[in-house]
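K.L.:
Residue-level listing of the chains:
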Amino acid sequence: MYGRILVPTDGTERSTGALETALQLAALSGGVVIGVHASPPPYVMAPELGLAAPIHDAWRREREQLGQDAVAYIRRRAGEACVRCETLLVTGMPPYDAIISSAREQLCDLIVMASRGRGGLAGRLIGSETWKVLSHSAIPVLVLR
Amino acid sequence: MDQPASNPLYRRILLPTDGSEASQRAILAGVGFARELGADVVGLTATPAFRVLSADPGMIEDTADGYAEASRERGERLLDAVERAAAEAGVPCRLEQAVSDEPWQAIIDTAHRFGCDLIVMASHGRRGLGGLLPGSETQKVLVHSAIPVLVHR
Amino acid sequence: MANPANTQLYKRILVPTDGSDVSAAAEHAAVEFARAHGSEIVALSVAQTYPTYAAAEASMAVDPALDTEGLRAWAERNVRRVSAAAAGAGVACTPLTVFSHSASDAILDSARDHGCDLIFMGSHGRRGLSRLLAGSETQKVLAGAEVPVMVLRPKLKSS
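Residue numbers (my numbering), protein chains in the order written: chain S, 7 to 151; chain A, 2 to 154; chain U, -1 to 157.
Don't take every hint at face value.
Said to hold, decoys possible - Derived lysine to aspartate or glutamate pairs resembling EDC-like cross-links, with alpha carbons at most 20 Å apart: (1) LYS9(U) <-> ASP63(S); (2) LYS9(U) <-> GLU38(U); (3) LYS138(S) <-> GLU144(U); (4) LYS138(S) <-> ASP103(S); (5) LYS141(A) <-> GLU103(A); (6) LYS138(S) <-> GLU111(S).
Since the hints were made in silico from the structure, they are not lab data.
From just these sequences and the hints, can you work out the full model?
P.N.:
This is the structure in C-alpha cells:
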C-alpha cells in the first residue's frame, strides 16, 4: 500500500524505531525507503564570521559527518533487510521543512517518524518537529511511540 | 472476537470515525492497510453524553432517551460504512459505539480494551481545515496514545 | 591579536564534564579557549539518574541503589575541578550540577537556559558504522544543538 516511504533520521538511536518500521512496511509492498537527514540552518553570529570561521568549519564538519553516518546506517540496514533504499542529506532548512519538501519531491506516500523529540520520559511526549510535519504534511504520517 | 492475525507488524487496527469526509478517507485507507497486513479492524464512534443544559439543538429539543436513541442510530450509520468497507476488503471487523464527552479518551480506552496495536484516523474532523488543529481530537490521541497512530489526510 | 570585548566571539561557553580523561582534556582546552577569547564558562556536571516508569501504579518506594548524595558529590567534584582550572586562568566560571535521565538533554537545556553560545565537549570518539546510533551523547548534542559544538576527540594511537 505504501510504496515510497520517507523516514527522517537525526543521526541518533531515536530514529532507529521509525527506520525498522519503514523497512518492514517497504518489505511488505516491495517498495522503497527514502531516508532523509536534515541539518538545521547554521547558527548565525552577529559579528563578522571571520574569527569564528575555524570553529564553524569544525562544527559543520562534525554535523556533516553525523549526517553521513546517519544515512550510511540507513543504507546498511536496508541492505540487510533486502529493501530498496535512497538517501538524502538536506542542509540549510529546518528539519520539518526538509521532511515535507523531500516527501513531496520524492513522491512519497507515507512518512514514518518517532513521536518523541528529545526530553525522555519526563519531557515532551511529541517533538516539536513531529508536530510541524503533522501540520504541514499532505500525505499520511505514521507516528510511532 | 477471535485472536487477531499473526502478522508481526500490526494485527488489530482501530478505526475511529466521526462521519466526516476525512474520516471516511481514513477508514478506506485503514481497511486497505489491514488487508495488506492480514490484520483485523475495530470501527469506533464516540458521541457525547446527553446533558440537560446544552447548546446542542439536538439535545435541547429532545429528551435524554430521544437523544440517546438518535445518537445510537447515527453511530450505527457511521459504523455501517466501516463494516461495508471491511467486508468488501475481506477484513474481519468489529464495531463499537462509545458514549463519551472526550472522544480521544474513548479512542484510547477502546484501543486498549481490544488490544489494538495501531490507530488510523483523520488529521482533522468536520471543520474541513488543513493540517492538525490545535486541541483536535487527533492531537489529543497523539499525545496520550501508547500505540502508533497513522494520521491520514 | 587582541580581541576587543565588543567583537567577542563567544561570550559564554558550556563545558560539560563527566569525570573522564577525555572530558578533562576538553575542559583544559575550553579554559584555554575562554582565556584567549575573554569568554566565561558554565561548567556542567550531569548526575545521570535512570528513568522509572511514570505510571500511576508505580510504587513510591525509593530505590536503595539510587545514591543521590553520592551522585551529587561526584558531580560537584567534577565541577569544582573545572572551576579551579578556570580560576587559575582568570576565567569566570559558573558551576552547575544537574540531575537528569539524559546527559545530552541536560547539556542542551543548560546551554539554552544559561545563554551559552558555544558548547565545548570531549567525545569518546569512535565513529564508523559499528558505532553508529549507539546512543552517543555527543551525537545527540550535535543533532540537537542550536549553537556550535566543539568536539574534542582523543587522538588515536594508530590510524
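K.L.:
All hints are to be evaluated individually against the structure, with a verdict given for each.
P.N.:
We went through each hint and held it up to the structure:
Only pairs whose Cα atoms come within 20 Å are accepted, and LYS9(U) paired with ASP63(S) is accepted, the gap being roughly 19 Å. Proximity of LYS9(U) to GLU38(U) is assessed by CA-CA distance (about 6 Å); at most 20 Å being required, the pair is judged to hold. Straight-line distance between C-alpha atoms of LYS138(S) and GLU144(U) comes to about 18 Å, which keeps the hinted pair within the 20 Å bound. Of the supplied pair hints, the one linking LYS138(S) and ASP103(S) holds, its CA atoms being roughly 8 Å apart against a limit of 20 Å.
Of the pairs offered as hints, the one joining LYS141(A) and GLU103(A) holds, with about 10 Å between alpha carbons and a cut-off of 20 Å not exceeded. Using a Cα cut-off of 20 Å, the hinted pair LYS138(S) and GLU111(S) holds, with the two alpha carbons roughly 18 Å apart.
When held up to the earlier numbered hints, the structure conflicts with none and fits them all.
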